[in-house]
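Undergrad: Here's the letter readout for the chains.
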Amino acid sequence: MRHVIIALFLLLPVMAFAVEPDEMLQDLVLEERARVISKELRCVVCQNQDIDSSNAGVARDLRILVRERLVAGDSDEEVIAFIHARYGDYVLMRPPFNASTLALWLAPFVLAVVSLLAGWAIILRSRRKGVVADFSEVEEAEIARFIDINTPKDN
Amino acid sequence: MGRILAFIPLAIAAVFGGFFLWGLNPDRDPNNIPSVLISQPAPQFDLAAIEGLETPGLSRADLVDNAGPVIVNVFASWCVPCRAEHGILTQMVEKDGLRLFGINYKDKPEDATKWLAELGNPYERIGSDLSGRAGIEWGLSGVPETFIVGPDGTVLFRYVGPVVGDEAIARFREALEQAGALPRGQNG
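Residue numbers (this note's numbering), protein chains in the order written: chain A, 1 to 155; chain B, 156 to 343.
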């Protein structure tokens, strides 16, 4: 008995999906594709949650729509394009590469190049400088005086 | 070179500070989802009338070849903000002579009929969107949403949420003016 209860509790996280049984397709291959597509689409009311895991009404409608398109014979790309046409870039969990997302996609590379160049410049500079610098006569005299002052004298 | 490097932290702080300032701006609404419909032809949809109501249904054909811009309001009887917005839309129809179409979103016909009987029906046409499919065509994220559609069927403006409160009304009226539905400069 106890084992059964433990097994049931272990099953809980598996069952905690937003996708309701009545939405699921009989065709396991299509259903699997629908799940993959649903994870690529963002819920428009909850934001930052994909429609696969959202309980919102619109998310449910979109899940059903995704399955309808799949049953109608659309490819995965066509299904995503269908919803993208209605909700814009916003629904895509992975932002597409276009003029408005140029900064988003290129910034990491630009920053990497800039920081590498900066690091390179700093290394070059410290190498060129060397460790021993030449002091002027005045500086030499000052250093000598400083050493003289701070040297403990034996009485 | 050393001098320039010394200013880099300041420059970085300025960039981040600017970003935070932008983020903290109370007028910026992060929930505001840009609509792909603006300047696009209104989506294809064809909705029957609410069962038991005399107001005719609504389809895309009703949004094309109008004399002037029209308002398309998505509402539902179960939506509380819609109730608040209803009076304002009614006034726009009665006082400003604007044309108002409705999409009744996921609503039971009897509830919608009762709601309209109670609050009045300023809608010229109402399409009943029981499945919410027309809502998806409009890129709807919730109710209420209100669109301004040009005479040629082009979507000119989208307002998410209820057109309630001075600020919202002013913004909506400004959009109506820009669309040419209201004479300019009468916005008090």
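Hints are computed from structural coordinates only; laboratory data are not their basis. Just to be clear, a hint being listed does not mean it is correct.
Reference listing, derived: stretches of chain B covered by chain A, where coverage requires no fewer than 3 residues with Cβ under 8 Å from a Cβ of chain A [stated by the list, open to error]:
{"hint": "1", "region": "189 to 198"}
{"hint": "2", "region": "281 to 293"}
Ranges of calculated distance between the beta carbons of each label pair, as one might list FRET restraints [to be verified]:
{"hint": "3", "chain 1": "A", "residue 1": "PRO21", "chain 2": "B", "residue 2": "GLU249", "range": "17 to 27 Å"}
{"hint": "4", "chain 1": "B", "residue 1": "VAL315", "chain 2": "A", "residue 2": "ARG125", "range": "53 to 63 Å"}
{"hint": "5", "chain 1": "A", "residue 1": "ALA112", "chain 2": "B", "residue 2": "GLN246", "range": "55 to 65 Å"}
{"hint": "6", "chain 1": "A", "residue 1": "VAL114", "chain 2": "B", "residue 2": "PRO236", "range": "39 to 49 Å"}
{"hint": "7", "chain 1": "B", "residue 1": "LEU160", "chain 2": "A", "residue 2": "GLU20", "range": "35 to 45 Å"}
{"hint": "8", "chain 1": "B", "residue 1": "ASP201", "chain 2": "A", "residue 2": "ALA112", "range": "33 to 43 Å"}
{"hint": "9", "chain 1": "B", "residue 1": "PRO181", "chain 2": "A", "residue 2": "MET93", "range": "20 to 30 Å"}
{"hint": "10", "chain 1": "B", "residue 1": "GLN246", "chain 2": "A", "residue 2": "ALA85", "range": "50 to 60 Å"}
{"hint": "11", "chain 1": "B", "residue 1": "ALA166", "chain 2": "A", "residue 2": "LEU102", "range": "20 to 30 Å"}
{"hint": "12", "chain 1": "A", "residue 1": "GLY88", "chain 2": "B", "residue 2": "ASP201", "range": "18 to 28 Å"}
{"hint": "13", "chain 1": "B", "residue 1": "GLN195", "chain 2": "A", "residue 2": "ILE122", "range": "20 to 30 Å"}
{"hint": "14", "chain 1": "B", "residue 1": "TRP233", "chain 2": "A", "residue 2": "GLU20", "range": "17 to 27 Å"}
{"hint": "15", "chain 1": "A", "residue 1": "GLU20", "chain 2": "B", "residue 2": "ASN221", "range": "39 to 49 Å"}
{"hint": "16", "chain 1": "A", "residue 1": "ALA85", "chain 2": "B", "residue 2": "VAL315", "range": "34 to 44 Å"}
Since the model is a prediction, treat every value here as computed from it, not as a measurement. Ideal Cβ positions, reconstructed from N, Cα and C, are used throughout, including at glycine.
Undergrad: Please go over all the hints and tell whether each is borne out by the structure.
TA: Tested hints:
1. 189 to 198: holds (count 4)
2. 281 to 293: holds (count 7)
3. PRO21/A to GLU249/B: 17 to 27 Å: 48 Å, violated
4. VAL315/B to ARG125/A: 53 to 63 Å: At roughly 54 Å between Cβ atoms, ARG125/A and VAL315/B fall inside 53 to 63 Å, so the hint holds.
5. ALA112/A to GLN246/B: 55 to 65 Å: The hinted range 55 to 65 Å holds for ALA112/A and GLN246/B, with Cβ atoms some 57 Å apart.
6. VAL114/A to PRO236/B: 39 to 49 Å: 48 Å, holds
7. LEU160/B to GLU20/A: 35 to 45 Å: Taking Cβ atoms as reference, LEU160/B and GLU20/A lie about 59 Å apart, which means the hint is violated.
8. ASP201/B to ALA112/A: 33 to 43 Å: Hint violated: Cβ distance 52 Å, outside 33 to 43 Å.
9. PRO181/B to MET93/A: 20 to 30 Å: Given a distance of about 28 Å, which is inside 20 to 30 Å, the answer is holds.
10. GLN246/B to ALA85/A: 50 to 60 Å: At roughly 35 Å between Cβ atoms, ALA85/A and GLN246/B fall outside 50 to 60 Å, so the hint is violated.
11. ALA166/B to LEU102/A: 20 to 30 Å: Between ALA166/B and LEU102/A, where Cβ atoms are some 22 Å apart, the hint holds.
12. GLY88/A to ASP201/B: 18 to 28 Å: 23 Å, holds
13. GLN195/B to ILE122/A: 20 to 30 Å: 52 Å, violated
14. TRP233/B to GLU20/A: 17 to 27 Å: 20 Å, holds
15. GLU20/A to ASN221/B: 39 to 49 Å: The hinted range 39 to 49 Å holds for GLU20/A and ASN221/B, with Cβ atoms some 41 Å apart.
16. ALA85/A to VAL315/B: 34 to 44 Å: Taking Cβ atoms as reference, ALA85/A and VAL315/B lie about 19 Å apart, which means the hint is violated.
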